[in-house]
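K.L.:
Sequence:
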Amino acid sequence: MGVFDRLFGKGRDAERARKAELRGELARAVELFVEADRPAEAARVMVLRGDAEPDHRARLQHYTLAARTAPEGTEENKLARKKRALLVLALSGDVALSAVHRRDTTDAALELEAIGENEAAADAYRKLGDLDGEARALTAAGDVDRLEYLLASEQHKERGERKRRDRQAEVDLLLTSGRRREALELLATLAQEAPDDPASRERIASLRARLAKGPVVPVALKGSRLAITFSHEVVIGRSEGTLLVPSNAVSRRHVGIARVGGVATVRDLGSRNGTQLRGLPVRGELPVGEGLELTIGKEVPLVLAPSHTLPGVLEIEVGGQRVTTAFGPFPLGIGDWALAEAADGMIELRGRSPAAYLGDVALGDGTTLLVGDVVTTERGGSPVLKVLG
Numbered sequence: 116m117g118v119f120d121r122l123f124g125k126g127r128d129a130e131r132a133r134k135a136e137l138r139g140e141l142a143r144a145v146e147l148f149v150e151a152d153r154p155a156e157a158a159r160v161m162v163l164r165g166d167a168e169p170d171h172r173a174r175l176q177h178y179t180l181a182a183r184t185a186p187e188g189t190e191e192n193k194l195a196r197k198k199r200a201l202l203v204l205a206l207s208g209d210v211a212l213s214a215v216h217r218r219d220t221t222d223a224a225l226e227l228e229a230i231g232e233n234e235a236a237a238d239a240y241r242k243l244g245d246l247d248g249e250a251r252a253l254t255a256a257g258d259v260d261r262l263e264y265l266l267a268s269e270q271h272k273e274r275g276e277r278k279r280r281d282r283q284a285e286v287d288l289l290l291t292s293g294r295r296r297e298a299l300e301l302l303a304t305l306a307q308e309a310p311d312d313p314a315s316r317e318r319i320a321s322l323r324a325r326l327a328k329g330p331v332v333p334v335a336l337k338g339s340r341l342a343i344t345f346s347h348e349v350v351i352g353r354s355e356g357t358l359l360v361p362s363n364a365v366s367r368r369h370v371g372i373a374r375v376g377g378v379a380t381v382r383d384l385g386s387r388n389g390t391q392l393r394g395l396p397v398r399g400e401l402p403v404g405e406g407l408e409l410t411i412g413k414e415v416p417l418v419l420a421p422s423h424t425l426p427g428v429l430e431i432e433v434g435g436q437r438v439t440t441a442f443g444p445f446p447l448g449i450g451d452w453a454l455a456e457a458a459d460g461m462i463e464l465r466g467r468s469p470a471a472y473l474g475d476v477a478l479g480d481g482t483t484l485l486v487g488d489v490v491t492t493e494r495g496g497s498p499v500l501k502v503l504g
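Take the sequence shown: its letters are residues 116 to 504, numbered as in the working numbering.
Because the hints were derived from the structure by calculation, they are not lab data. All figures in this text were calculated on a predicted structure; none of them were measured in a lab. Glycine is no exception: its CB is placed at the ideal position from the N, C-alpha and C atoms. Do not rely on the hints blindly, as some may be mistaken.
Straight-line alpha carbon distances no greater than 35 Å define the calculated DSBU-like cross-link-like pairs of lysine-lysine that follow [said to hold, decoys possible]:
#1 K278 - K328
#2 K134 - K197
#3 K193 - K242
#4 K242 - K197
#5 K242 - K198
#6 K198 - K134
#7 K328 - K413
#8 K328 - K501
Cβ pair distances, simulated, as ranges [to be verified]:
#9 K278 - I319: 14 to 20 Å
#10 G399 - K337: 36 to 42 Å
#11 K413 - G338: 37 to 43 Å
#12 D170 - R138: 19 to 25 Å
Turn these sequences into a full structure, and let the hints guide you.
P.N.:
Written as structure tokens, this is what we have:
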């Protein structure tokens, strides 16, 4: 075949391709444009096929093939690459959830930037959270307003983040110095100011889970384990009270132990099976004195005895449980130290002498305690009080 035959043959193929395109035979038109050595025309029709394709994956394939077919730098090449990149962005989903989505979005942003579609590239970079990429694309696009807004927003964001970091550091300081109630209040403020940031809410939940709270708080005092209750009246019952005894012989609220006129007393709370002392029913308020051995509901032993080491403290043993109480603030026998239950239920260490330390940090009067706290009377000293879980 001569040169003229090849030229005229390709011309005829191109004409046939245009007619096929007019008839809507796009696949045939692509074949004929390729045979006619018209890659740009073939790519243009491939894009049309992609536009008409309802299936996203098939559409993406058409755009990809068109971008490869059209000569580099042609309008057809740029259009195919643009459509492919925009479709990838639409399909990429949440870049925070998938590394694949993030990679696809990055590739699309770079592609758009390479073909001069800088505003679309800036949108892609914003989706990625890539400040440098977004600023670069906006600069290339000449979009001064968006660029200034971006930089101003980022400065505001950085100031906000720096402020939050400073306040989180303040929370850390409050925690280590024993001011846990103030730390909770500050964390609540931070959580309200930044509802989309889970950090403060998580710290609040963690801190609340560690708060020492009643009705019974276990501690190690100078190496001895105590279970302390701060109730002004210690109630023993089957389903209600400070101490629960799961026995059918015990009433819902069976026995009350309190200090009346400076004297520890015990009384039956109108129970069904009564409270007995040597087989005789207890009526009215019975002073504990040097100690009592009672029976609840004619079955469950109850032993009451003053502490031999802590003045004003009563030891209670019932149903396999052993607790101590001072019917309010609990003296620890270390200077003027005492544990007390605040109005909000938090347990505080009160007292000024001797000095109290949590690690190397001196504690103030009214320190709110957390499970795991180890308190000493000097920096780096031996533990004298530990709050147990």
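K.L.:
Hint by hint, say whether it matches the structure.
P.N.:
Here's how the hints hold up against the structure:
no., hint, result
1, K278 - K328, "32 Å, holds"
2, K134 - K197, "27 Å, holds"
3, K193 - K242, "22 Å, holds"
4, K242 - K197, "17 Å, holds"
5, K242 - K198, "18 Å, holds"
6, K198 - K134, "25 Å, holds"
7, K328 - K413, "33 Å, holds"
8, K328 - K501, "14 Å, holds"
9, K278 - I319: 14 to 20 Å, "19 Å, holds"
10, G399 - K337: 36 to 42 Å, "38 Å, holds"
11, K413 - G338: 37 to 43 Å, "38 Å, holds"
12, D170 - R138: 19 to 25 Å, "23 Å, holds"
Going through the hint list in order, the structure satisfies each hint without exception.
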